[in-house]
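S.K.: Sequence order for the protein chains is U and H. Add 6 to the 1-based position in the first sequence for our numbering, that's all there is to it. Add 6 to the 1-based position in the second sequence for our numbering, that's all there is to it.
Bear in mind the hints are in silico, worked out from the structure with no lab data behind them. Hints may contain errors.
Note that identical chains are pooled: a pair holds if it fits in a single copy or bridges any two copies.
Stated by the list, open to error - Here are the computed lysine to aspartate or glutamate pairs in the EDC-like style, where the Cα-Cα straight-line distance is at most 16 Å:
#1 K297 x E310
#2 K104 x D227
#3 K337 x E317
#4 K351 x E317
#5 K101 x D227
#6 K291 x E312
#7 K89 x D165
#8 K43 x E355
#9 K297 x D284
#10 K220 x D284
#11 K8 x E157
There are 2 protein chains.
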Amino acid sequence: MKRIFFTPGPSELYFTVEQHISNALKQGVASISHRSKEYVAIQQATEEALKELLNIPEGYHIGFMSSATEIWARSIENLVSTKTYHFVNGSFSEKYYKAAIAQGKEAIAQNAELGSNNDITTAIIPEGTELITLAQNETSTGAWIPIEAIEKLRNNYPDTLIALDGVSSLPTAAVDINNVDMLYFSVQKCFGLPSGLGVWIYNDRCLEKAEQLKATGKFHDTYNSILNVHKFGLKHQTSCTPNVMNIYLLGKITQDMVNKGVDQIRNEAKYKSVLIYDLFEKHEKLSPFVKEKQYRSQTVGVAEVENGATELMNKLAEKGLIVGGGYSQFKGQHIRIANFPTHSKEQMEMLVDTINDLEF
Amino acid sequence: MKRIFFTPGPSELYFTVEQHISNALKQGVASISHRSKEYVAIQQATEEALKELLNIPEGYHIGFMSSATEIWARSIENLVSTKTYHFVNGSFSEKYYKAAIAQGKEAIAQNAELGSNNDITTAIIPEGTELITLAQNETSTGAWIPIEAIEKLRNNYPDTLIALDGVSSLPTAAVDINNVDMLYFSVQKCFGLPSGLGVWIYNDRCLEKAEQLKATGKFHDTYNSILNVHKFGLKHQTSCTPNVMNIYLLGKITQDMVNKGVDQIRNEAKYKSVLIYDLFEKHEKLSPFVKEKQYRSQTVGVAEVENGATELMNKLAEKGLIVGGGYSQFKGQHIRIANFPTHSKEQMEMLVDTINDLEF
């Protein structure tokens with residue numbers, strides 16, 4: 007049976023991926039040298055498509071990493087001497103905090119109630135903090151930080167580096183990248199690609215901080231340090247043999263999204279999002295986990311299921327509709343529904359209708 | 007024009023890859039959760055196929071990393087407090103040494119003449135050395151360390167961890183894994199897969215060393231530390247969202263190789279290797295870069311080209327035959343011909359005949 011994945015990543019592939027894989031194989035993309043001109047043209051095309059889709063400003067650069075998890079580790083190694091501050095509102099924002107703790111940093115977690123956010127615009131962040139981290143969309147709970155709040159955080163702390171997790175919200179979230187110093191995402195979420203590639207967007211201030219740490223012997227120097235990633239990036243290359251296929255595919259998908267129009271993608275996300283939360287609010291067995299409307303994710307809808315989620319998930323799976331389960335302590339209690347660009351309005355309507363028709 | 011890649015990685019895809027990709031897409035492999043039972047079964051199947059193909063002994067474990075380059079960095083971070091010793095006979099063995107230097111280790115490089123090897127069986131390695139590294143096949147020069155020598159190195163230094171680079175020689179090289187503590191390879195060489203996955207095989211002694219370093223605060227703790235990789239590996243999972251497609255494909259290709267028979271693969275490599283070196287010795291414009299026969303790689307043949315390699319490479323490319331160029335300082339002077347399991351005897355004969363017929 008053909009399955010449709012509404013899981014919040016890995017998820018359903020973007021609907022043009024299969025054709026692009028077929029073209030890539032015909033062209034020998036997986037066989038070319040990652041030091042060849044042919045490869046350089048591929049990476050450059052992907053960078054340019056991303057710059058257009060995400061409106062990446064001057065002074066920002068793109069590094070291709072193996073995962074968002076790697077970006078947590080490398081940014082802590084290369085941008086922080088001592089102090090970090092983390093807005094934590096679920097498992098993924100907490101993992102960034104834990105990455106800092108593992109590396110012996112003085113890391114502060116500001117914990118929000120799960121399914122909500124603390125107000126990032128009124129937070130008092132200690133002097134000397136070198137890196138502030140926050141997840142625009144917390145994939146584990148479906149809590150979404152309103153875009154406008156990020157600008158206020160930036161204005162409150164203009165001199166501290168800010169790292170924004172856009173793993174499961176880009177390009178749906180219309181983030182103004184000028185308000186952060188680094189931003190990252192994984193390709194197996196909204197971009198609908200096979201997993202195994204993380205994209206790190208960082209600015210010159212990150213590079214300056216890394217240089218300062220290097221000068222004072224506080225820089226953890228590896229092949230994928232931000233400075234080495236940048237050095238190779240200037241040549242449209244990577245510091246090691248990368249996931250060439252995925253860098254190629256990301257360029258193609260991103261160009262497809264540019265051609266479709268990012269506004270169209272964002273409008274469709276809003277429409278589908280209304281369907282999801284309407285279901286959660288009206289269905290007697292479901293309730294939205296995120297109570298405050300302004301915090302409800304537009305890309306990952308999370309619902310509490312009365313008497314447990316397993317039966318519903320199994321019955322949907324029998325019909326080929328795969329939704330995500332609750333994350334961590336919410337396993338068996340929640341369902342999570344991805345609302346990614348590849349999910350059509352028709353598919354989302356079908357999912358909602360099916361849930362409404364099911365007994366569970 | 008359909009091209010055939012004889013480049014030493016990325017290279018021609020294994021001849022069954024395209025079919026496996028097609029099956030994977032039909033089955034939704036790229037969309038399943040990396041925490042699902044379905045994924046666990048995939049990783050376990052890949053591990054079991056590798057254990058069979060490479061004859062991996064009890065007490066050795068498999069970690070899935072993003073590249074061999076990552077394995078250099080992680081092994082230096084997790085297995086070494088102070089002292090390393092590196093047999094260097096080309097760019098790739100040197101990169102391991104440089105990874106240790108970058109991390110501030112007291113690293114010793116024992117440099118061989120390029121295109122040759124120093125005798126690893128008579129080396130005097132300083133007391134207190136924690137990790138000895140060597141490249142069984144140095145991809146940049148085509149220098150190959152005879153398998154038997156590794157056993158003698160092991161016997162000379164039974165208590166020091168030995169790391170063997172099998173990046174471009176496994177499974178063609180019949181390595182007895184008992185003679186090393188860790189071994190690693192990249193999938194875009196002999197395994198004929200798209201790039202973006204490194205395989206780290208390590209034993210319990212590596213884990214014990216990592217635990218010792220952790221206990222004394224000398225362990226660099228990240229998501230892909232050997233201890234975290236191992237913790238997730240016990241559940242047939244990875245510490246972050248991995249390259250699921252490639253882990254699936256590696257299992258399928260490895261099983262194909264098991265079914266074909268590793269002895270058959272090794273015998274074919276020997277036959278094709280004779281063709282390559284015979285060409286290099288008899289052709290008036292070519293000469294084998296590795297002079298000593300016992301050091302000649304069975305997987306990457308490297309030749310010096312009289313008056314430069316560019317014309318030959320271009321004329322071959324016009325016919326759809328892509329060979330590798332010289333690495334680093336040998337660019338424009340050498341050609342490198344990969345002799346990987348996917349390259350058939352007929353393809354290799356065609357390449358040799360074509361070179362013999364060309365004017366350059």
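S.K.: Checked against the structure, which of the hints given earlier come out wrong?
M.R.: Those not satisfied are hints 4, 8, 10, 11.
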